[in-house]
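S.K.: The chain contents come next:
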Amino acid sequence: MKLSFGLLRGTGSLIALVLIVIVFSVTSPVFLELNNLMNIIVQVAVISVIAAGAMFIILTGGIDLSVGGMVALAGVVSASVVRSSGSPALAIVVCLGVALMFGILAGALITYGKIPPFVCTLGIMSVARGLAFVYSGGIPISNFPAAFRFAGAGSIAGVPMMVIIPIVVYAALWVVLNRTPFGKIVYAIGSNEEATQLTGINTRKYKIIVYALAGLLTGLGALMYIGRINSGHPNSALGYELDAIAAVVIGGTSLSGGRGSIVGTIIGALIMGVIGNGLNLLNIDPYYQSVVLGTVIVLAVMIDQNSKNQRA
Amino acid sequence: MTYALEMQNISKRFPGVVALDRVTLQVGRGEIHSVVGENGAGKSTLMKILSGAYRKDEGTILLDGLPIEITSPQSAIDAGIGTVYQNLNLIPDLTVADNIFMNRFAVRCGVAIDRKATRLGTEDVLGLMGCDISPSAIVADLSVADQQMVAIARVLVGDIRVLILDEPTSSLSPQEAERLFVNMRSLAARGVSIIFISHHMEEIFNVAERVTVLRDGGLVGSWGIGELDEASLVHHMVGREVREMFPKAHVEIGEEILRVSHISVTGWVDDVSFSLRRGEILGIGGLVGAGRTELVKAIFGAIAGRSGEIFLDGEKVAIDSPEDAVRQGLAFIPENRRDEGLLSDFSVEDNIVICNLQKFTRGIFVDRKSCQTVSDRVIREMAIKTPSRQQIAKNLSGGNQQKLVLGKWFLRNPRVIIFDEPTRGIDVGAKAEIHRTIGELAKNGVGVIVVSSELPELMGISDRILTLSKGKLKGEFDRRDFTAERIMLAATA
Ligand SMILES: Nc1ncnc2c1ncn2[C@@H]1O[C@H](COP(=O)(O)OP(=O)(O)OP(=O)(O)O)[C@@H](O)[C@H]1O
Ligand SMILES: [Mg+2]
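Chains as they are written, first to last, in numbering that gives the first Met the number 0: chain A, 0 to 311; chain B, 0 to 492.
Pulled out of the complex, with its shape left as it was, chain A reads as follows (with noise of 0.2 Å):
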């Protein structure tokens, strides 16, 4: 029964990616070299750090469509102060400090402003992507100091930092998630939000530091994916709400809230990298990969949710 929590959720996801990969290491001899594992990673690395705080969110029973826009942002605002002040610590902390402020003011709004999660966030969404224009005036800000790339770029002992991450903030979420008070009430909103909030919990606190922790973490994607091309664009990020949503749905997270690992979600994205990177390396037209992406993403969701209606 405790098992359902942490591993059973999202057999569905975990079969898939067994088979996705065994496919692709018949259908490809590079497929399956640490080189090649090491680039599915580096790809998929910042849709699963912005999926992490996503499923936050989706657990307490909300969405979140703003990400992308949230990167664009933060991305050219903490590229032209690293620009013009010269401070990669200064930069760092406004591009996690944008992001962090926009969660939580997606919090505040969608809390004690009583605006639902889906409207709240796609305007947010809209206004951060517009902000980023009218700051950068279209134009991308490249070239910076390694120290401002590290998190995208750098590595230590040979080990991508862009592998690191990820790691760091899974390993760190799953003992939040699964060991501490704050975890069990992240799923009992999403669950059940009036039976939780009269067992005297501070339901609209622990709403927002939700989604300022999504910002936060939205904020640190932002990080690696600006140090990763070394240039801020407004135009980044497009369509990374939905990358993000698509692999926390994957992973076998009920999008009412309430139930969902976060195991479930990093192998929900490494089906979509693994998938990018197999079909990458069989030449298959991009326009495909859509389909199959598609298509995975309905097949693994049936599969867990008949094997959820088997337990009941």
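Simulated from the structure, these hints should not be mistaken for lab results. Keep in mind that this is a model prediction, so the values were computed, not measured. Glycine included, every Cβ here is placed at the ideal spot set by N, Cα and C. Check the hints yourself; a few may be wrong.
[As the list claims (entries may be wrong)] Some chain B residues well away from chain A (every beta-carbon gap over 10 Å; in silico): (1) N102; (2) F104; (3) V259.
[Claimed, not checked] Simulated restraints on C-beta separations: (4) A/A170 / B/T59: 48 to 56 Å; (5) A/N201 / B/K358: 42 to 50 Å; (6) A/G238 / B/V106: 39 to 47 Å; (7) B/D344 / A/L280: 43 to 51 Å; (8) B/I67 / A/V158: 52 to 60 Å; (9) A/Y287 / B/K358: 45 to 53 Å; (10) B/V143 / A/E32: 12 to 20 Å; (11) B/P66 / A/N201: 22 to 30 Å.
[Stated by the list, open to error] Capping the alpha-carbon separation at 25 Å, the derived lysine to any residue pairs in SDA-like fashion look like this: (12) B/K384 / B/N102; (13) A/K113 / B/A52; (14) B/K115 / A/A170; (15) A/K204 / B/N88; (16) B/K393 / A/G112; (17) A/K204 / B/N102; (18) A/K204 / B/Q73; (19) A/K113 / B/R411; (20) A/K204 / B/R54; (21) B/K393 / A/E192; (22) B/K368 / B/G428; (23) A/K204 / B/E68; (24) A/K113 / B/N88; (25) B/K393 / A/N201.
Chain B with the ligands: place on chain A using the hints.
M.R.: For chain B with the ligands alone, kept in the frame of chain A given last:
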């Protein structure tokens, strides 16, 4: 003398409803105090004000003589007020242990939940209540009775001065209820003041020392239990004489309408056969867990893995799903009505209309006019207390939600209707009405099956009673042979 808890002149209005009008409640230290009244009288509202779920419009609350402002659930909990809500308010996706320790987890190293302490604490408190639910079970998977136990256990782990129990026994077996009463008495002996809400007269006379009676949001009065008998208490509640509790009209019993033969459900029901005739009310008795609900659910096609055959009007029919059953003219009113029968965010009218949509359709449109007349009729006939048919179902009092679910099924004109615990959570006056309605159905030639744990009800309305014990049919009694002893004996066989 100062009371442990005093609520003075409490008023509360909702749009269109005065839920409470200057109600006073005084509970002594270590006293078990019953609050009684009809469905919608305002009992739960009064309790929710005390527990911080609602804010009062007017009035004062004193704890041990000192005024206290209860502004949120947390402030009530901090003041030592523990609440078991009528609709339980558990968190379905979390485990039993997580539910019990939600908001009071023991932590190690300042952050991590001490899981061992949580598990042991859960086992302790559940053991105290004499139930062996696994701490790691997911709450949504538990039976209603077990969920009720978890809801009570959750309050008992806290340090409480005042305990509110809003209809805690409505889904417990008599044994479980008795166990709860033992716990209540020992808590009271330790000085905890207990407010106990129930529609069962015998329970009130069994545990309560005082009763406060509410009617239509107003205070009728407060009495020591010794100053009252059942009849006078009921009279205070409803403000009129309750006509016969079990009106039993004479009905011509017709030919056989339903026959089931060799019904089995693995683990629950073992080779049960019986038949039912037009106009007959067939009672099914037995202890909780005897397989009664499973039997009727199996007949209705709501349980997978049933064996045996079902005949309607002498013809063998295939009922493998509730959809088949409804098509064949069966109706089933489940025990767990709030979850299985109510659209709680929809209006009273929509609830009535949606399960009978084809009745209200003209061409491709919904006939609004007839929706309105019919819902008004159901509200009137079932005596549902609501300001209008537009009221959202979840804003009705618990008992009125039950009446709503019953009412919408009555509209269906079924050939055979099956009730599982039809009067659970329903006040005495309305109970008599529901018994009368069941009688009406029979008079119109419908075959009626009633599963009930209340022996007086079963004996009062049935023409024939079957008793189930451990899934087997253990007794069959005609109305003239009904005695409580014989039926109980067969049920415990
Ligand atoms: N949130 C709400 N919004 C509107 N009306 C409400 C709300 N809560 C309760 N009411 C109304 O207040 C009145 C009192 O309801 P309450 O739940 O206190 O009754 P009760 O005595 O507990 O009845 P029962 O025995 O059926 O549980 C009812 O008419 C009910 O419809
Ligand atoms: Mg009530």
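S.K.: If a hint holds in the structure, say so; if it doesn't, say that too.
M.R.: Structure-based check of each hint:
1. Listed as a non-interface residue, B/N102 fails to keep its Cβ farther than 10 Å from every Cβ of chain A; the least gap is roughly 5 Å.
2. Here B/F104 does not stay apart from chain A, with its beta-carbon only about 4 Å from theirs, under the 10 Å limit.
3. B/V259, annotated as away from the interface, keeps every beta carbon of chain A farther than 10 Å; the closest lies near 27 Å.
4. Remark: the range hint 48 to 56 Å for A/A170 to B/T59 is upheld by a beta-carbon distance near 53 Å.
5. The hint said 42 to 50 Å for the Cβ distance between A/N201 and B/K358, and at roughly 46 Å that hint holds.
6. Between A/G238 and B/V106 the C-beta distance comes to about 40 Å, which sits within the given range of 39 to 47 Å.
7. For B/D344 paired with A/L280, a C-beta distance near 50 Å keeps the hint of 43 to 51 Å intact.
8. Checked against the hint of 52 to 60 Å, the C-beta distance between B/I67 and A/V158 comes to roughly 58 Å, which is consistent with it.
9. A C-beta distance of roughly 50 Å is found between A/Y287 and B/K358, which places it inside the suggested range of 45 to 53 Å.
10. Range check, B/V143 to A/E32: about 56 Å between beta-carbon atoms, so the 12 to 20 Å window is missed.
11. Separated by about 24 Å at the C-beta atoms, B/P66 and A/N201 satisfy the suggested range of 22 to 30 Å.
12. The straight-line distance between the Cα atoms of B/K384 and B/N102 is roughly 36 Å, outside the 25 Å bound, and the hint therefore fails.
13. For the proposed pair A/K113 and B/A52, the alpha carbon gap of about 19 Å is at most 25 Å, so the pair holds.
14. In summary, the hint linking B/K115 to A/A170 is supported, as the alpha carbons are separated by about 22 Å, within the 25 Å threshold.
15. Between A/K204 and B/N88, the direct Cα distance comes to roughly 20 Å. Compliance with the 25 Å bound is thereby established for this hinted pair.
16. In summary, the hint linking B/K393 to A/G112 is supported, as the alpha carbons are separated by about 24 Å, within the 25 Å threshold.
17. Proximity of A/K204 to B/N102 is assessed by CA-CA distance (about 14 Å); at most 25 Å being required, the pair is judged to hold.
18. Our distance criterion of 25 Å between C-alpha atoms is met by A/K204 and B/Q73, whose separation comes to about 13 Å.
19. A C-alpha spacing of about 40 Å is found between A/K113 and B/R411, which places the hinted pair above 25 Å, so the restraint is violated.
20. About 20 Å separates the Cα atoms of A/K204 and B/R54, which keeps this hinted pair within 25 Å; it holds.
21. The suggested pairing of B/K393 with A/E192 holds, with an alpha-carbon distance near 15 Å, which does not exceed 25 Å.
22. Taken as a hint, the B/K368 and B/G428 pair is broken in the structure, with Cα atoms around 31 Å apart against an allowance of 25 Å.
23. Distance check on the hinted pair: A/K204 and B/E68 sit about 22 Å apart at the alpha-carbon level, within 25 Å; holds.
24. Proximity of A/K113 to B/N88 is assessed by CA-CA distance (about 22 Å); at most 25 Å being required, the pair is judged to hold.
25. At most 25 Å may separate the alpha-carbon atoms for a hinted pair to count; B/K393 and A/N201 meet this at roughly 22 Å.
Of the numbered hints given earlier, the model fails hints 1, 2, 10, 12, 19, 22; all others are met.
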